[in-house]
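Participant: Residue-level listing of the chains:
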Amino acid sequence: GENVEQHPSTLSVQEGDSAVIKCTYSDSASNYFPWYKQELGKRPQLIIDIRSNVGEKKDQRIAVTLNKTAKHFSLHITETQPEDSAVYFCAARANAGGTSYGKLTFGQGTILTVHP
Amino acid sequence: NAGVMQNPRHLVRRRGQEARLRCSPMKGHSHVYWYRQLPEEGLKFMVYLQKENIIDESGMPKERFSAEFPKEGPSILRIQQVVRGDSAAYFCASSPLPPPDTQYFGPGTRLTVL
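First to last, the protein sequences are chains A and B.
Just so you know, we're using this note's numbering here: the first sequence kicks off at 1 and counts up by one.
Just so you know, we're using this note's numbering here: the second sequence kicks off at 1 and counts up by one.
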């Protein structure tokens with residue numbers, strides 16, 4: 001099955017700096033890669049996603065890049081703010097078809113702390 | 001448009017009791033997924049259901065755990081004879097039919113087994 005590795009496990013930055021979180025996946029057939037932000041005690045919230053026919057996607061201060069050849073994708077947050085502090089999870093979706101359709105495999109999470 | 005609803009938000013059970021967790025997907029969504037999150041860990045897939053059908057239960061323990069999504073009413077995750085290791089946050093997510101694949105998560109049920 002799919003395996004997703006996420007690094008780093010913790011990341012501490014100063015307000016205004018950039019933050020980068022990286023994930024690798026094992027199933028070359030995966031074609032959908034969302035990123036979720038989870039604040040303490042809250043639900044995971046989708047912040048951005050990318051599909052395998054796109055190499056990069058940007059939404060204001062957040063961007064995601066995908067390298068299908070190397071099987072890795074990254075989250076980039078620019079001009080970080082204290083409210084960006086949370087746990088960030090990457091995920092990969094197994095290939096459509098069969099019984100694997102719809103299942104998300106998550107990375108282990110990155111605790112991001114933005115210091116004022 | 002109400003989001004994914006889960007109840008109860010907190011559930012305390014003693015060892016050996018049953019836990020019943022409910023999930024109402026977003027309006028118009030007929031795909032439901034259950035995930036478990038142990039303390040300070042990521043989310044682990046448990047089961048994927050459509051109305052009246054279990055599509056993928058590969059992540060669900062074979063014993064004591066069951067899930068359903070009836071034609072009417074919420075999806076139910078049932079844990080029989082709970083043990084302390086079942087203590088976790090249980091999240092459900094839903095997505096529309098037909099996909100896009102975006103899954104929207106509910107607020108979770110935090111199960112504590114004493």
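None of these hints come from the bench; they were simulated from the model.
Hints are not guaranteed to be accurate.
No farther apart than 20 Å at their CA atoms in a straight line, the calculated lysine to any residue pairs in the SDA-like style are these [said to hold, decoys possible]:
1. K44(B) to E5(A)
2. K27(B) to L46(A)
3. K58(A) to S26(A)
4. K57(A) to T102(B)
5. K71(B) to I55(B)
6. K42(A) to A88(B)
7. K42(A) to K71(B)
8. K22(A) to S9(A)
9. K42(A) to L11(B)
10. K44(B) to Y104(B)
11. K62(B) to Q17(B)
12. K51(B) to L11(B)
13. K58(A) to Q45(A)
14. K27(B) to N7(B)
15. K42(A) to P70(B)
16. K62(B) to H72(A)
17. K44(B) to S9(A)
18. K27(B) to A89(B)
19. K42(A) to T112(B)
20. K44(B) to K71(B)
21. K27(B) to T102(B)
22. K42(A) to A2(B)
23. K44(B) to T113(A)
Participant: A separate judgement is required for each hint: does it hold in the structure or not?
Facilitator: Here is what the structure says about each hint:
no.	hint	verdict
1	K44(B) to E5(A)	13 Å, holds
2	K27(B) to L46(A)	18 Å, holds
3	K58(A) to S26(A)	24 Å, violated
4	K57(A) to T102(B)	16 Å, holds
5	K71(B) to I55(B)	15 Å, holds
6	K42(A) to A88(B)	13 Å, holds
7	K42(A) to K71(B)	29 Å, violated
8	K22(A) to S9(A)	10 Å, holds
9	K42(A) to L11(B)	16 Å, holds
10	K44(B) to Y104(B)	15 Å, holds
11	K62(B) to Q17(B)	18 Å, holds
12	K51(B) to L11(B)	25 Å, violated
13	K58(A) to Q45(A)	17 Å, holds
14	K27(B) to N7(B)	17 Å, holds
15	K42(A) to P70(B)	27 Å, violated
16	K62(B) to H72(A)	33 Å, violated
17	K44(B) to S9(A)	17 Å, holds
18	K27(B) to A89(B)	23 Å, violated
19	K42(A) to T112(B)	17 Å, holds
20	K44(B) to K71(B)	26 Å, violated
21	K27(B) to T102(B)	14 Å, holds
22	K42(A) to A2(B)	16 Å, holds
23	K44(B) to T113(A)	24 Å, violated
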